[in-house]
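*Asks:* The primary structure of each chain is shown beneath.
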Amino acid sequence: MKLSVMLTQLTQGMFVSVEIFLLTLLFSLPLGLLVSFGRMSKNKVVSAIVKFYIAIMRGTPLMLQLIVVYFAPFYIFGVNLKGFRFPAIIIAFSVNYAAYFAEIYRGGIEAIPKGQYEAAQVLGYNKVQTFFRIIFPQVLRIITPSVTNETITLVKDTSLAFVLAQAEMFTIAKQIAAKEASVGPLMVAGLFYFVFNFVVAYVMDRIEKKLNYY
Amino acid sequence: MNEKPILELKNLRKSFGGNEVLKDISLTVNRGEVVSIIGPSGSGKSTALRCATLLETMEGGSLAYKGSVAASDEDGTMRYSDKQELKKIRRCFGLVFQNFNLFPHYSVLKNITEPVILSGQADKKEAEERGLKLLERLGLKDKADAYPSSLSGGQQQRVSIARALAMQPDILFFDEPTSALDPELTGEVLKVIKGLAAEHMTMVIVTHEMKFAREVSDRIIFMENGVIHSQGTPDELFNSDDERLNTFIGKLEN
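One line per chain: the protein sequences are A and B, in this order. Our numbering numbers the first residue of the first sequence as 1 and each following residue consecutively. Our numbering numbers the first residue of the second sequence as 1001 and each following residue consecutively.
It should be emphasised that the hints constitute simulated quantities derived from the structure, not laboratory data. Predicted, not measured: the structure shown is a model, and the values here were computed from it. Be a bit skeptical, because a hint or two may be false.
[What the hints assert, rightly or not] The calculated SDA-like cross-link candidates involving lysine to any residue, where the alpha carbons are at most 25 Å apart (straight line), are: (1) A:Lys42 <-> B:Ser1081; (2) B:Lys1124 <-> A:Phe131; (3) B:Lys1110 <-> B:Gly1153; (4) A:Lys114 <-> B:Thr1057; (5) A:Lys42 <-> B:Leu1086; (6) B:Lys1143 <-> A:Tyr214; (7) A:Lys42 <-> B:Asp1082; (8) A:Lys44 <-> B:Gly1017.
Given the sequences, and given the hints that come with them, work out the whole structure.
*Replies:* See below:
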């Protein structure tokens, strides 16, 4: 196989990886905030359920979760998700990452001094205004380094989609490697992930600097 | 003068986990009055202030601003007014905290203007004019665009006073406004409060600064163990022959 053919195939795979990455962030970041609210809820039932959900998400392999999301509907309800492979992957990634992000949000929110809420209350801010104007912007600054960590992990975790035979970069690299009996394609894939993460780290660093204005 | 008292707090009771910190506190403040609350740590001064500013819930007694009832107990259960009413009542007072509680991610000016704008009192332009005027008065005009973290403690506390004043409250509460400051910075903050007193701003000040309380107050309240031990004009209190009061004042003056 010519190098150019291999690179083309790998690049196509990379686009799928990037797609998984971006869609997962898009859904898991807001979902994580909701989950963190549930986790901190004064309602004991809600917080217990959310705690259990987080425990499962963090306590079992993401690979297993991918398999469960894709195949469980068939084994339990007889519904075949064929053709919904990609959405299943996004769902599995999103609910998994939301659990991690939720705990990061919680750490950030709990780090804000009580006095900030009290000052806002006395000055007439309602609860929504207090959260989104006073608390959340400060939380963002606190959590950016942890979010960067998770985001970088996510780049590499997208390779787990190979377990559902999704044609992302790692799956393709493995196929070519097997066909050509060479580790070359896997090395190239490794380089792709590295460059991808280099860009992610750079972007996150810029965001961090931007948030450090005060 | 038939105006209702700005603040009317009656028979306030409050406990934390079985420990009764406020036993029976009543305090009426009329427009233009400056009242200082003094007393040893743990006497309940700050808790009383926090109940009056709705940061803590009362367990007994009643609270009203300008005749509007915020809370009252009926047959032993506390009833707070509805959200709308409480929102209206919160407009009556401002509070200056011991540790400022400025919003660190906002510039000095935005700290002052945003609450004004959100409350609907003024539009952005008007609020900024109001804010800049206050900053000028407090000697901080050049700090309008600075962030709180770049200011000294005294400057931060003056900003937080400006922030409270911008809302044009009927009464301003101070919760140990200089306790987090060194003596030099304390002076600049006390000067500002004295200036407000001279303009007959209605104020309730919890403080450990005896000399200041004596100079600035119309009335001083001495609290101990959750009750008002004694109260009166500064002269009455400082010339009292009550032994406990004298020990306390004497200790702090030296």
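*Asks:* Does each hint fit the structure? Answer for all of them.
*Replies:* Hint by hint, here is what the structure shows:
The suggested pairing of lysine 42 of chain A with serine 1081 of chain B holds, with an alpha-carbon distance near 23 Å, which does not exceed 25 Å. Distance restraint check for lysine 1124 of chain B and phenylalanine 131 of chain A: the Cα-Cα separation of roughly 21 Å lies within the 25 Å cut-off, and the hinted pair is therefore satisfied. For the hint pairing lysine 1110 of chain B with glycine 1153 of chain B, the CA-to-CA distance comes to about 18 Å; that is within 25 Å, so the pair holds. Taking the CA atoms of lysine 114 of chain A and threonine 1057 of chain B, the gap is about 16 Å. The hint holds against a cut of 25 Å.
Note on lysine 42 of chain A and leucine 1086 of chain B: the hinted pairing holds, with a Cα-Cα distance of about 23 Å set against a maximum of 25 Å. At roughly 14 Å between alpha-carbon atoms, lysine 1143 of chain B and tyrosine 214 of chain A fall within 25 Å of each other, so this suggested pair holds. At roughly 21 Å between alpha-carbon atoms, lysine 42 of chain A and aspartate 1082 of chain B fall within 25 Å of each other, so this suggested pair holds. Taking the CA atoms of lysine 44 of chain A and glycine 1017 of chain B, the gap is near 21 Å; set against the 25 Å cutoff, the hint holds.
Hint violations for this structure: none, all hints satisfied.
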